[in-house]
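Model the placement of chain B on the given structure of chain A, informed by the hints.
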Amino acid sequence: MAAYSIPSTCSNSKNLGDTSQGKKKKLQMTKLRQRRVLPGFGLTMGYTVLYLSLIVLVPLVALFLRAAGLGWSEFWEAATSPRVLASYRLTFSTALIAAIINAVFGFLVAWTLVRYRFPGRRMMDAMVDLPFALPTAVSGIALTAVYSQNGWIGQYLEPLGVKVAFTPLGIIVAMTFIGLPFVVRTLQPAIADLEREAEEAAASLGASRWQTFIKVIVPSVLPALLTGFALSLARAIGEYGSVVFISGNMPMRTEITSLLIISKLEQYDYAGAAAVAVMMLVVSFALLLAINLVQRLSGRRYQGGV
Amino acid sequence: MEVASLNQLKPAALPLPRLRAATEESPYVRWTLILISVGFLGLFLFVPLAAVFAEAMRKGWGAYLASFSDPDCLSAIRLTLLVTAIAVPLNLVFGLAASWAIAKFDFRGKSLLITLIDLPFAVSPVVSGLIYVLVFGMQGWLGPWLGEHGIQIVFAVPGIVLATIFVTFPFVAREVIPLMQEQGAEEEQAAVTLGASGWQTFFRVTLPNVKWAVLYGVILSNARAMGEFGAVSVVSGHIRGRTNTMPLHVEVLYNEYNFVAAFAVASLLALLALVTLALKTFVEWKLNDHLGAA
Numbered sequence: 049m050a051a052y053s054i055p056s057t058c059s060n061s062k063n064l065g066d067t068s069q070g071k072k073k074k075l076q077m078t079k080l081r082q083r084r085v086l087p088g089f090g091l092t093m094g095y096t097v098l099y100l101s102l103i104v105l106v107p108l109v110a111l112f113l114r115a116a117g118l119g120w121s122e123f124w125e126a127a128t129s130p131r132v133l134a135s136y137r138l139t140f141s142t143a144l145i146a147a148i149i150n151a152v153f154g155f156l157v158a159w160t161l162v163r164y165r166f167p168g169r170r171m172m173d174a175m176v177d178l179p180f181a182l183p184t185a186v187s188g189i190a191l192t193a194v195y196s197q198n199g200w201i202g203q204y205l206e207p208l209g210v211k212v213a214f215t216p217l218g219i220i221v222a223m224t225f226i227g228l229p230f231v232v233r234t235l236q237p238a239i240a241d242l243e244r245e246a247e248e249a250a251a252s253l254g255a256s257r258w259q260t261f262i263k264v265i266v267p268s269v270l271p272a273l274l275t276g277f278a279l280s281l282a283r284a285i286g287e288y289g290s291v292v293f294i295s296g297n298m299p300m301r302t303e304i305t306s307l308l309i310i311s312k313l314e315q316y317d318y319a320g321a322a323a324v325a326v327m328m329l330v331v332s333f334a335l336l337l338a339i340n341l342v343q344r345l346s347g348r349r350y351q352g353g354v
Numbered sequence: 621m622e623v624a625s626l627n628q629l630k631p632a633a634l635p636l637p638r639l640r641a642a643t644e645e646s647p648y649v650r651w652t653l654i655l656i657s658v659g660f661l662g663l664f665l666f667v668p669l670a671a672v673f674a675e676a677m678r679k680g681w682g683a684y685l686a687s688f689s690d691p692d693c694l695s696a697i698r699l700t701l702l703v704t705a706i707a708v709p710l711n712l713v714f715g716l717a718a719s720w721a722i723a724k725f726d727f728r729g730k731s732l733l734i735t736l737i738d739l740p741f742a743v744s745p746v747v748s749g750l751i752y753v754l755v756f757g758m759q760g761w762l763g764p765w766l767g768e769h770g771i772q773i774v775f776a777v778p779g780i781v782l783a784t785i786f787v788t789f790p791f792v793a794r795e796v797i798p799l800m801q802e803q804g805a806e807e808e809q810a811a812v813t814l815g816a817s818g819w820q821t822f823f824r825v826t827l828p829n830v831k832w833a834v835l836y837g838v839i840l841s842n843a844r845a846m847g848e849f850g851a852v853s854v855v856s857g858h859i860r861g862r863t864n865t866m867p868l869h870v871e872v873l874y875n876e877y878n879f880v881a882a883f884a885v886a887s888l889l890a891l892l893a894l895v896t897l898a899l900k901t902f903v904e905w906k907l908n909d910h911l912g913a914a
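Sequences listed follow chains A and B, in order.
Using the numbering used here, you'd call the opening residue of the first sequence number 49 and step up by one each time.
Using the numbering used here, you'd call the opening residue of the second sequence number 621 and step up by one each time.
Treat each hint with caution, since some may be false.
Here are the simulated distance ranges between beta carbons [to be verified]: (1) G117(A) <-> A683(B): 49 to 55 Å; (2) P167(A) <-> A641(B): 21 to 27 Å; (3) A338(A) <-> R678(B): 31 to 37 Å; (4) F666(B) <-> L242(A): 24 to 30 Å; (5) R170(A) <-> M758(B): 18 to 24 Å; (6) P267(A) <-> L827(B): 40 to 46 Å.
For the record, the hints were derived by calculation from the structure and aren't laboratory data.
Glycine is no exception: its CB is placed at the ideal position from the N, C-alpha and C atoms.
Pulled out of the complex, with its shape left as it was, chain A reads as follows:
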């Protein structure tokens, strides 16, 4: 992150209403101190904190309190019952595989888009964001249609004995779809910023192109790759809309954690739903923390798409 030097430092809001005060006083103030000229800190800060609290913080606290209201042993029981554990195993393993697929192919796509020029490149670049822009329910039914027994792709996989729709494989496909832009969009700026000089130095020292790639290029984009991988993993773990149509939703077999929360809600098991939701939140916060750590260590901030 660049070092932002903001000249106006208004540490207390008392002096901020200066526009409403007399002109004389204002003149005096500008002479005395350049800072504290801009108005509106109290208003915008107050509104920001109020809106943030009402929409985000209070409801999230309510979730944690509801789960805490269960007491430790009951919470643990609700959050680790066999059906819940099966859903964690399924969600994490499929999300992990999808994130790995995305790391490999996302790297390839980002590399191709940044380094090579070919017809259709700009359109491809714009289309990478499709999974962000396409509503998840639409991706869900579209992927199901494509990969079902008589779908465009499914009909060729069926004779090979590969079933995608309504199996964990289908969940992986949907999670790969939804997570792809994260890897591509975090890697693109990192690849564009690579210094050609380092590659030239490696080549002139006798490294093959492959050696240069492994020993020079990969280490310098590794933080971006890790960030993209973690973002795509986090998104896949929480994904609901695109997965729920293709997964088949069989308890213990193809039921992801998000869906389990909904079925608990439908059975009016609010506390149980809250307990599982807390577990999911803890995992995504941990991933967020890991991403921040990677970025702090590498001294860069990657936005990662939207």
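Quick look at chain B alone, frame taken from chain A:
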């Protein structure tokens, strides 16, 4: 380039194959990589997108258009537009207020505040809906009190609006904050010193400087607001013709095996996604232009 000149220096150089820079891959590798990338994106992005339109048209234009004459479909479209028209402007105002406070002033805990604003992106869609059920539902904190006063929030339109605001919460703020921080506060200070009021400064100096970033954030939150499924699904209650948004209506039709109608509504949402991508690309181009000029 340098490799080429070095080779020219060598007097007894054998006729070399076509030269390429040492930092480039051979054409074979390059075209293989391009083909794999195009193939991967084609398989994962283009094929599902094309499938939406193909499935919607499976029984021809007549059946496609007939899907939109269903009153439940029309009310789903209306509800989606209504919810978006409430959620996006609210988040726009919030995003601008937060950006002003964060970018133009220094205070303690600024990075914590930025992290908290980004928080909704880390919360999975289903959990985003669940938190409102826990606050406003009949078993929730405020549920009994709201029930006594005949106010319904979850399983009704207000709940859908709240969940939509939550999932689109950070979009405008996270686009505008970094840009405003980069621009600093000198221009605003100059305006205020010359006698402009706070609002005048904001509308005539600050807003024109960040307009493309604002538009970018609005485009993204608009797309997400219209397309949100998980969070809205939890709080909606799925009452046909009353609390079904377009994505929820797609689900209902799909589960009733009414595939043509489901994909017809989905095709509208897919068109929205394509328009969003086109606008986004255009604004990105403008934004880079703007930054390049500054």
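### Query
Broken hints, numbered, in rising order?
3, 5
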